[in-house]
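Residue numbers (this note's numbering), protein chains in the order written: chain A, 4 to 404; chain B, 21 to 133.
For the record, the hints were derived by calculation from the structure and aren't laboratory data. A portion of the hints provided could be inaccurate.
Claimed, not checked - Computed, partial: chain A to chain B, Cβ under 10 Å: (1) V386; (2) P388; (3) R396; (4) L399; (5) L400.
This one's a predicted model, so the numbers in the text were calculated from it and none came from an experiment. Virtual Cβ for every residue (Gly too), placed ideally from N, Cα, C.
Residue strings, one per chain:
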Amino acid sequence: MSSEPISRIACLAIPSLAFQCELVERPGLFGSPVALSDEAHTRVADLTPEARLRGVRVGMTLLDAVGLCPQLIVLEPRPALIAHYADALIDAMATASPLVEEAEQGLVFADLRGTEGLYPRFGDFRTAVFAALPDRLEPQLGVAEARFTAHMAALRAEPGKGILVVPAEASDFLALEPVSRLPLGIVAIERLRMLGIDTLGAFTALPRSAVEAQFGFPGGVAWLAARGEDPVPVRPRPWERERVVEHVQAEPPFISRESVLYAIEQMLGRALRHPRARHRFVRSLRLRAETERGALWEREQVLREPLGDRGRLWTLLRSLVEYAEFPGPFTVITLELGGLTEESGRQHSLFVEQTRRREQLDEMVRHLKVRFGESPVARVVEVEPWHRLPEHRRALLEYDP
Amino acid sequence: MTATNRAKGTAALRAIGLPRMLHVEADADARPTAVTRAPIRGRSGIRSQIERIEDVWRVTEAWWRAGAQARTYYRVTLDGGRPLTMFRDDATGVWFEQPYSAPHISDNGSEAP
Numbered sequence: 004m005s006s007e008p009i010s011r012i013a014c015l016a017i018p019s020l021a022f023q024c025e026l027v028e029r030p031g032l033f034g035s036p037v038a039l040s041d042e043a044h045t046r047v048a049d050l051t052p053e054a055r056l057r058g059v060r061v062g063m064t065l066l067d068a069v070g071l072c073p074q075l076i077v078l079e080p081r082p083a084l085i086a087h088y089a090d091a092l093i094d095a096m097a098t099a100s101p102l103v104e105e106a107e108q109g110l111v112f113a114d115l116r117g118t119e120g121l122y123p124r125f126g127d128f129r130t131a132v133f134a135a136l137p138d139r140l141e142p143q144l145g146v147a148e149a150r151f152t153a154h155m156a157a158l159r160a161e162p163g164k165g166i167l168v169v170p171a172e173a174s175d176f177l178a179l180e181p182v183s184r185l186p187l188g189i190v191a192i193e194r195l196r197m198l199g200i201d202t203l204g205a206f207t208a209l210p211r212s213a214v215e216a217q218f219g220f221p222g223g224v225a226w227l228a229a230r231g232e233d234p235v236p237v238r239p240r241p242w243e244r245e246r247v248v249e250h251v252q253a254e255p256p257f258i259s260r261e262s263v264l265y266a267i268e269q270m271l272g273r274a275l276r277h278p279r280a281r282h283r284f285v286r287s288l289r290l291r292a293e294t295e296r297g298a299l300w301e302r303e304q305v306l307r308e309p310l311g312d313r314g315r316l317w318t319l320l321r322s323l324v325e326y327a328e329f330p331g332p333f334t335v336i337t338l339e340l341g342g343l344t345e346e347s348g349r350q351h352s353l354f355v356e357q358t359r360r361r362e363q364l365d366e367m368v369r370h371l372k373v374r375f376g377e378s379p380v381a382r383v384v385e386v387e388p389w390h391r392l393p394e395h396r397r398a399l400l401e402y403d404p
Numbered sequence: 021m022t023a024t025n026r027a028k029g030t031a032a033l034r035a036i037g038l039p040r041m042l043h044v045e046a047d048a049d050a051r052p053t054a055v056t057r058a059p060i061r062g063r064s065g066i067r068s069q070i071e072r073i074e075d076v077w078r079v080t081e082a083w084w085r086a087g088a089q090a091r092t093y094y095r096v097t098l099d100g101g102r103p104l105t106m107f108r109d110d111a112t113g114v115w116f117e118q119p120y121s122a123p124h125i126s127d128n129g130s131e132a133p
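Bound-form chain A, shown alone:
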């Protein structure tokens, strides 16, 4: 299939990213019975085929699993590591297309329209993406004309391999997939199963109107997706040039809150001096910190109005950190200034400006009142606007803030 022309949407997937990360980090575990615990460290979240052969199953308590397989190696998920590899997937896809969407960690889509000149054949694209990936990480690649088809192709591909589905074959390609793959809720899928509809082929054999009558608009979208005509587009993340990212690594780790604050303040200064951020305002702030043990601490703040002032940005960042509970000493801290605006000036809101002016006026009047004993400012108020004699209609009321 590598000689086929490229299609519109690509999907790069690692079905169990948390588990794959650990296996990549510890290659010695290949071929051993290994299980990954859930976040509560009580049940099995994923396992190797070797562990499954010994009777271990997903959802089993760790105690039961170890009882069944005493050699079982249990790993804890490390969110920072997962985030690192998830970012690597995005970066790999971004080397081939500027329009990249991370649907979830370990599932990345790219819109390939316009890249035909760079990658005229599927094989060229696959080589470019895989070359940009970290060693030993073997995601599955699917390329198709529609998003859902590309996703299914990626799930069916072998690790480190890719599948291209041409439009004419999309419907047949999807026909044998189980209905659980459909972008529908659990209740809807259960209903389909109760009706004896187990595959996408059986699902698309139904009239679209009947599906929409039962499942509404999402049913219609699922029906189109199952025919290889998924209308859902790739929703690309913001352009790279709209972000500035600064990192700081600490050896020894940052233990005190003060040292974390000091590091963030330094990063903010560096980020604002970056040519990409100069004379532009920031719409969102994101802080991410990793501990020695791979725990992740993350905070994001979307600003009510774009800011370019270092002092105000620092106040916001400090408020994110000052009362936060950290999972441990930090080894890496990342600051991201996102949504950089194009403008270098500010269009004030009419009403915000009025409020500020009113506050300034109140302050000034209070000072004058202290000095002169009475307010030198008055408001014109209507008293008897219907009166025939003009001097009775309005009066001055002392302005007393």
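Following the hints, put chain B in place on chain A, whose structure we already have.
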């Protein structure tokens, strides 16, 4: 209503749009022919000839009361084309300068709210 209230702790209302005294020369029919404004801040008043009278109207306030106010307003054009609105207090015969606009009438057509 327009009396100044300077009592401590209450907001003070001060009248605005008060009439300012004017010296007016009138003809035999008591129609104004020239005006001299009252001196302001040490500057002597300037005499102006009235070129023409644009409009005349009477305003009587609470005519049924003993202290009713009655005024005859004149809108005139002075020499040089400058407009001026003034009135004669019909009770005292004293002249005043005062801009005048129609009173605000509420939506239901009545003068009072």
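For each hint, the structure was consulted:
1. V386: V386 of chain A check passes; min Cβ-Cβ to chain B is 6 Å, inside 10 Å.
2. P388: It holds, given that the least Cβ distance between P388 of chain A and chain B is near 4 Å, below 10 Å.
3. R396: holds, 7 Å
4. L399: holds, 4 Å
5. L400: This hint holds: L400 of chain A lies near chain B, its Cβ roughly 6 Å from the closest one there, short of 10 Å.
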